Structure formats: C-alpha cells, structure tokens
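Chemist: Each chain is listed here by its residues.
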Amino acid sequence: MAEKTLLRHLDIPDFHKLDVYAAHGGYETARRVLTTMKPEEVVDQVKASNLRGRGGAGFGTGMKWGFLPKDTQKPIYLCCNADESEPGTFKDRAIIEWNTHILLEGILISSYAIKSHTAYIYIRGEFVFGAQRLEEEIAAAYAKGILGKNIFGTGYDLDVYVHRGAGAYICGEETGLIESLEGKRAYPRIKPPFPAVYGLFGCPTIVNNVETLACVPMIMQNGAAWFKAIGPESGPGPKVYCVSGHVEKPGLYELPMGVTLRSILYDHAGGIRGGKKLKAVMPGGSSFPILTADEIDVAMDFDSMRKINAFLGSAGIVVMDEDTCMVKALEIIDRFYHLESCGQCSPCREGTGWLHKLLSRLEQGDGKPEDIDLMDRICTNMMGNTVCVLADAAAMPTQSFLGKFRDEFVAHITEGGCPMKKRHAHGAESRQAA
Amino acid sequence: MSVQFSQETYKQFEEVLTHYPTKRAAIMPTFWLAQKEFGYLSPDAMEYIGQLLGLSPAYVGAVASFYTMYNKEPVGKYHLQVCANLSCTLLGAEHIIECIEHKLGIGLGQTTADGKFTLSEVECLGSCGTAPVAQINDDYHENLTPEGVLQLLETLSVQE
Chain A
9 MAEKTLLRHL DIPDFHKLDV YAAHGGYETA RRVLTTMKPE EVVDQVKASN
59 LRGRGGAGFG TGMKWGFLPK DTQKPIYLCC NADESEPGTF KDRAIIEWNT
109 HILLEGILIS SYAIKSHTAY IYIRGEFVFG AQRLEEEIAA AYAKGILGKN
159 IFGTGYDLDV YVHRGAGAYI CGEETGLIES LEGKRAYPRI KPPFPAVYGL
209 FGCPTIVNNV ETLACVPMIM QNGAAWFKAI GPESGPGPKV YCVSGHVEKP
259 GLYELPMGVT LRSILYDHAG GIRGGKKLKA VMPGGSSFPI LTADEIDVAM
309 DFDSMRKINA FLGSAGIVVM DEDTCMVKAL EIIDRFYHLE SCGQCSPCRE
359 GTGWLHKLLS RLEQGDGKPE DIDLMDRICT NMMGNTVCVL ADAAAMPTQS
409 FLGKFRDEFV AHITEGGCPM KKRHAHGAES RQAA
Chain B
63 MSVQFSQETY KQFEEVLTHY PTKRAAIMPT FWLAQKEFGY LSPDAMEYIG
113 QLLGLSPAYV GAVASFYTMY NKEPVGKYHL QVCANLSCTL LGAEHIIECI
163 EHKLGIGLGQ TTADGKFTLS EVECLGSCGT APVAQINDDY HENLTPEGVL
213 QLLETLSVQE
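Chains as they are written, first to last, in my numbering: chain A, 9 to 442; chain B, 63 to 222.
Just so you know, the hints here were simulated from the structure itself, not pulled from any lab data. Quick caveat: nothing in here was measured; it's all calculated off a predicted structure. Where a beta carbon is used, it is the ideal one built from N, C-alpha and C, also for glycine. Keep in mind that the hints are not guaranteed to be accurate.
[Said to hold, decoys possible] The calculated BS3-like cross-link candidates involving lysine-lysine, where the alpha carbons are at most 25 Å apart (straight line), are:
1) B/85 x A/82
2) A/12 x A/55
3) A/429 x A/284
4) A/192 x B/85
5) B/73 x A/157
[Stated by the list, open to error] With beta-carbon atoms standing in for the labels, derived distance ranges:
6) B/218 x A/311: 45 to 55 Å
7) B/201 x A/347: 17 to 27 Å
8) A/140 x B/209: 24 to 34 Å
9) A/230 x B/134: 47 to 57 Å
10) A/384 x B/209: 36 to 46 Å
11) A/56 x B/165: 51 to 61 Å
12) A/315 x B/175: 50 to 60 Å
13) B/178 x A/230: 52 to 62 Å
14) B/69 x A/32: 35 to 45 Å
Here chain A stands alone, though its shape is the one from the complex (with noise of 0.2 Å):
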C-alpha cells in the first residue's frame, strides 16, 4: 500500500480544498453510488468489506448499520463522532483539518446508504479550527450541489451541521454524544435500546468514527475485495497509527492494518528518543490494558492485539521510555479518568477517585503496603458494573500497570516516594538544554 488514502493530503497541496480534491477525483465515487445504486447494495458492500469501527471498539461497521430497523417512519441520523479525546489520540484531528472532503464524502455515501437526510458531526469544542475548517468546506460542498437539496440531481437529499463539544471526554461514548446533541448533560444511555433503534431524539441513529467514514469511500471506490486484501481479512484496510511520547519521529503514519508495533516504533517513528531503552507502550490510547517492551512484536489489529490481551482501541500509541516513572504515568491516567467520568454511576464515580487519590499518596510518599491490592480491588470492583465503559477504561490500564510493574510501585512505599524523581528532573533538565 504504497499510496496514501487517509493521509493523502501528505502528499497534495490545498487538498482540503473542494476544487482541489474533486480534481483528484472526490465525489466521483459518490456521484456513481448515488447515481447507480441502492442503498442496500452499499450496506452490502461496506459489509462485505469488514470495515471495522476507528474510534476504540471495532465494531463491524456493516453490521451497525444493518441493526437500522427497515419499516420505520421516523427520521434517520448519521453522526459522526469526531469527538476525538482518547489519551494520545491525534487522527481524526489531521483527516478533520487537511482530509476534509474524504471525510465529508465518506458522511455522503453512509447518510444514502443508511437512508438519513441529516448528518451531524460532533467535534470536541477544542478543535475550534477543525470546526471553522468543516463550515468552510460543507458550505462550498453545499454550493456546487454535493449537499442539500436534489444532490447529483438525483432527488436525494443531505442536511450535514456541525455541532460543537465544550470540553467533556464521555462524550464520545456514542450514547453519551448523542445526549449531548439533544442538549443536555451527556449521561450515557443503559443499552439495549441501542442507538439504532432509539438513538437521537428517539430515532433511529448511526453513530461512526471519523476515521471510520473517511473509509467508505475507498470501499466503494476499489471495492471490498480490495480493502480486504489490506492487512487480516477480519479488520482490514488503511490504519492510521498515532505514535507520541519517547520516539524520535513523533506522529501520524498511515499503514496496513496489521503492521507490528515494534515497526512502528522502529521503522517508522525513529525508535526511542536519545538511544534511550523502551520500557513501555500504551497502544491503543490510555484506555487499555498496557504493554511491556518484551510484547511490541504484536500485530496492530484487533483481533491480534486481543491474543494477548491488549486491545488496537484508537490505535494512539504513547511511548515510555526506561526513565519514566510508572506510577507517574498511571497517576496522570487515573486522574483524566477522575475528571472525565460523568458520575452517573457510583462505581466509576468513586472508583476513578479512589485510584486517583491513591496514586497520588503513593506517588508523593506516602503509600502503604496494603495499597496495591486495595487499587486491584477497586477496579475488579469497578469493572462491568456501569451504564458505559468509561469504568472498565479506568480499571484495565490500572490494573495492567498494576501487574507488569508491580516493583515500581513496591518500591514507591518502600522508599516513601519517587526512587526516580532524581533521574526524572535529571532527564527534563537535560531536555531544557537540548
């Protein structure tokens, strides 16, 4: 796969651009769906292709969309979760800003095939240039006849708004979104109903990945053979891997699902910054469970990465190097955890906090021997037990760490406090000088 897809404005100029990126040929694949097929046969297709959910689970796409009910009168919504907020996440953000028109096509062909009129994409208030960008570009979409009314002069129809977040990580849980575009505090939803049935204002609602749209395109375009053929049959395609933290080369690379972790890092992203040892990697943002050095010869796909208990997630792969404290780290995820969880349920509401603040003691001194085993309880305690996930992406890293690193965290109670404090302030003066 030598030519890139989702990251194809890599390589061209302005491709955010309509002109630009109509001259390459965008939305001739729309303008062939919406001319010459059913919706069914592009559910079909996007099926047959075993797309899988970008944004953390997974999911079959295909299969989503198959779960709409087929009689119904009631309206149907597209949204487009582009609430990107896991920990070390940086995707959707670069397709959003400089893939802009892949993206709004992919939200095109998936409203026609799942029969919606309106489409909203939900960005995280943050990306306040991503939202300026995609107002920019619907508009010129709008203006040479790809939205609104009679789109192709086929008689179809596409509303697409762009709401904006404000600052709340839940709300990328796809139920929680979907609260929060009904105007309200985004408490996810007990499901079943799932959202295909009784999603946005009681609709029938299919809520996708960004990355995950900017993909239908290329499906219907190559075909689902094609985009099988890249990386395992059972989670194909065109990934784009997040690599931050202790590497040289810090970023965004497009590969085939599949690829090793040990190849990103290394062939890819540089290696560890400074010639410095790996001790480990978050591979799927901080959500998930975390791995050693000795495991970066997995395959980065999900049916891989669930061999060895880990999970691909948002493929946000945040590297550690030997000088980093781990009960720091751990410290730092535990407290995203804390803020973000909505505190609908008492297990993750007080779960989150007690880890968090146990973290802290013992980060600062003053832990005590029983509290590594209270932490393991506490997230055994946390886990399945709560309307969402957020719980169980608290209770998994932290026990991971938990368990791969438990001498690190011994060593914090028995030498009340940081034994790397010194060779970590060490390291950040270093830095300042480089």
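Using the hints provided, position chain B relative to the given structure of chain A.
Modeler: Relative to the frame of chain A, chain B by itself:
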C-alpha cells in the same frame, strides 16, 4: 435581566435553531454564542438563554456546569490552557506550567491582576504528536519549549 444578544448574534442564534428538531438541542451552540459575546456564562446570561430556549435557569445551569469549556467565571484576555495529560507530561508539560506560573506570578486556575492571562491545566487536547501543547483561546501552540513559551507570553503581554 441585563444581557441580550446583539442583532448579529441573534441572527446566528436563529440560524442555529434551524439545525435541530427541538429548541433544547440548540443549547450548546447558544452557549458558544453567549460565551463569545459576553466573555463567560454569567447567571444573567444563563437566565437569558433559558428564556430564549424555553428552559428553566436550573436546567441551563445544570447543562453548562457539565462542560468544562464553558466559563462560568470571567477569564483573562488570554486563556492559557496547558495540556497535562500523558504524552505532554512525558515531554515536559509540568515544566511548561512552572515556567508560566513563575513568569506571570499566578497558579493554576488564577488570573493575573491586569486581567490579561488566566492559567489552566487541561486534559488531552488531541495533539500528542506535537507535545507539549497549549491552547490559547482558540489556537493551538504545539511543540512548546520553556524558551518558546516565555517568548510567547512576552509577545502577548504587549499586544493590545
């Protein structure tokens, strides 16, 4: 009630209403319009929004309080929002915050006496590949260094 949208903002508000089948769904975009026009969501502003949308002040307050980006208190002319999540901390975000605190003589959540700067620590801004990162008002500032951030503060402090 002492606040009201300008004519231009009211027009934008009317446009926003057409995006949704319910008035309540327009609350978030209306908050954004209000924050732009009034600087922050004061109790008066929230009461006004409630009247516009047919919602009680209690409901409006409950929604506003859920979202961290709606300022319920006035903030400085430049709102320095430094990411303190994992990737940014790995690359020295704590040091960036210390530099700002030292330079401006304020702590997290505080505003300088001249009302020019407010400093906040925020969670992941989705810019981890260019960490450390801060958002100043609407704009991202990426690949921050202590020297760079001090220079940026200098530039902003002389800007009118």
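Chemist: Work down the list of hints and note, for each, if the structure agrees.
Modeler: Hints and how they fare:
1. Restraint check: the Cα-Cα separation between residue 85 of chain B and residue 82 of chain A comes to about 19 Å, which is no more than 25 Å; the hinted pair holds.
2. For the proposed pair residue 12 of chain A and residue 55 of chain A, the alpha carbon gap of about 23 Å is at most 25 Å, so the pair holds.
3. Under the criterion of a C-alpha separation no larger than 25 Å, the hint pairing residue 429 of chain A with residue 284 of chain A is consistent with the structure, at around 17 Å.
4. Proposed proximity of residue 192 of chain A and residue 85 of chain B is supported: the alpha carbons are some 12 Å apart, at most 25 Å.
5. With a CA separation close to 23 Å, the supplied pair residue 73 of chain B and residue 157 of chain A stays within the 25 Å bound.
6. The hinted range of 45 to 55 Å is satisfied by residue 218 of chain B and residue 311 of chain A, whose Cβ atoms lie roughly 49 Å apart.
7. Taking the beta carbon of each, residue 201 of chain B and residue 347 of chain A are about 23 Å apart, inside 17 to 27 Å as hinted.
8. For the pair residue 140 of chain A and residue 209 of chain B, the supplied restraint of 24 to 34 Å holds, since their beta-carbon distance comes to about 30 Å.
9. Taking 47 to 57 Å as the suggested C-beta distance range, the pair residue 230 of chain A and residue 134 of chain B conforms, at roughly 50 Å.
10. For residue 384 of chain A paired with residue 209 of chain B, a C-beta distance near 43 Å keeps the hint of 36 to 46 Å intact.
11. About 58 Å separates the C-beta atoms of residue 56 of chain A and residue 165 of chain B, a value consistent with the hinted range of 51 to 61 Å.
12. Between residue 315 of chain A and residue 175 of chain B the beta carbon distance is about 58 Å. The supplied range of 50 to 60 Å therefore holds.
13. Under the hint 52 to 62 Å, the C-beta atoms of residue 178 of chain B and residue 230 of chain A, about 54 Å apart, fit the expected range.
14. For the pair residue 69 of chain B and residue 32 of chain A, the supplied restraint of 35 to 45 Å holds, since their beta-carbon distance comes to about 42 Å.
Comparing the model with each earlier hint shows no violations; every hint is respected.
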